[in-house]
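Student: Residue strings, one per chain:
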Amino acid sequence: MASPRRLQVNESASISVVRFKDQKIIDPVAIQELGQELFDLIEKDDRKKIVLNFDNVEFLSSAALGKLITFEKKAKRTGAQMILTNISPEIYQVFAITNLDKLFKIKDSEADALAVL
Amino acid sequence: MSATPPPADRSLQVSLPSSLESYHGFIQSILEHLEELSWKTSDLFAIHMALEESISNAIRHGNKEDPAKRVAIDCEISSVRFWIRVCDEGAGFDPKAVPDCCDPDRLEVPGGRGLALMQAYMSRMEYNDRGNCLTMEKSLSGGSPSACRCD
Chain A
114 MASPRRLQVN ESASISVVRF KDQKIIDPVA IQELGQELFD LIEKDDRKKI VLNFDNVEFL
174 SSAALGKLIT FEKKAKRTGA QMILTNISPE IYQVFAITNL DKLFKIKDSE ADALAVL
Chain B
32 MSATPPPADR SLQVSLPSSL ESYHGFIQSI LEHLEELSWK TSDLFAIHMA LEESISNAIR
92 HGNKEDPAKR VAIDCEISSV RFWIRVCDEG AGFDPKAVPD CCDPDRLEVP GGRGLALMQA
152 YMSRMEYNDR GNCLTMEKSL SGGSPSACRC D
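First to last, the protein sequences are chains A and B. Offset between the first sequence (1-based) and my numbering: plus 113. Offset between the second sequence (1-based) and my numbering: plus 31.
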């Protein structure tokens, strides 16, 4: 994978742990780039186990949610497992309002996710 | 909801270009003013979400990013109430025709969540008949946002 601009990716055994560099995921160009970097993880790098760590994320728009949903669908199609972690109460509320807490697998911490992947 | 704004400490009228890069400074100035008026962090998050979704919708879906069109905003702010009207120059739409993102069968559809977020975070929200002007209000006694109706 080319050096990502929007994501920080750490490979741990067979698991990719992904952090978002932007605290506010709003800008349409940034969302587009972020989406492509996520898609590359499964489509180019063939990663099968992914943890998305939200500890740096303070705000995200519905456009960012849309990109995450597309990523989840692509992951499912390629047989990749994905778990979201370290989501702040404010961001979790965004997921709950839009019913996405039922779509995504969410764990409190990165350790919790690594334990089940 | 009354179309007339309530008494306010500060009143703003701005006309924004139809560019998705054009409005973040405006949102930031609103949030800073609310912060000066001692609005809570959770309320600032809620208003930030409503501003982001309403203005980006007006630019993207209303004006279709046409540089010849503008987004007109009236905003009234006090220490207890936030009121805003966001109007685009598009043909308008019927908000009732937007599919419910809480429908379990639509869980994996990427779009259509902005309206649900604004509805949840604002005390009141209303479109005009044409569907090109959105009026929203949040009062300090507005309570917590609710999750999907299907819950």
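It is possible that part of the hints are untrue.
Interface residues of chain A toward chain B, partial, derived using beta-carbon atoms under 10 Å [claimed, not checked]:
1. I128
2. R132
3. K134
4. I139
5. P141
6. V142
7. N166
8. N169
9. E171
10. G179
11. I196
12. N199
13. E203
14. T211
15. K215
Keep in mind that the hints were calculated from the coordinates and are not lab data. Only a predicted model underlies this, so the values are computations on that prediction, with no experimental measurement involved. From the three backbone atoms N, C-alpha and C, an ideal C-beta is built for every residue, glycine too.
Student: Indicate, hint by hint, whether the structure satisfies it.
Tutor: Verification of the hints:
Because the closest C-beta pair between I128(A) and chain B is about 24 Å apart, greater than 10 Å, the hint is violated. About 21 Å separates the beta-carbon of R132(A) from the nearest beta-carbon of chain B, more than 10 Å, and the hint is not met. A least Cβ separation of about 17 Å between K134(A) and chain B goes past the 10 Å threshold, and the interface hint is therefore violated. Below 10 Å, beta-carbon pairs count as interface contacts, and I139(A) has one with chain B at about 6 Å; its hint therefore holds.
A least Cβ separation of about 5 Å between P141(A) and chain B falls short of the 10 Å threshold, and the interface hint therefore holds. With 10 Å as the threshold, the beta carbon of V142(A) comes within range of chain B, its nearest partner Cβ sitting at about 8 Å, so the hint holds. The beta carbon of N166(A) is not positioned within 10 Å of any beta carbon in chain B (closest approach about 20 Å), and the interface hint is therefore violated. Residue-level restraint check for N169(A) is violated (minimum Cβ-Cβ distance to chain B is 16 Å; threshold 10 Å).
Contact between E171(A) and chain B, as hinted, is supported at the beta carbon level, the nearest pair being about 9 Å apart and thus within 10 Å. Contact between G179(A) and chain B, as hinted, is supported at the beta carbon level, the nearest pair being about 4 Å apart and thus within 10 Å. Because the closest C-beta pair between I196(A) and chain B is about 17 Å apart, greater than 10 Å, the hint is violated. For the restraint placing N199(A) at the interface with chain B, the shortest Cβ-Cβ distance is roughly 17 Å, beyond the 10 Å limit, so the hint is violated.
The interface hint given for E203(A) is met, as the beta carbon of that residue sits about 5 Å from the closest beta carbon of chain B, less than 10 Å. For T211(A), the interface hint holds, the least distance from its beta-carbon to any beta-carbon of chain B being 4 Å, beneath 10 Å. Annotation: interface hint on K215(A) holds; nearest CB of chain B at approximately 7 Å, less than 10 Å.
Hint check: violations occur at hints 1, 2, 3, 7, 8, 11, 12; the rest are consistent with the structure.
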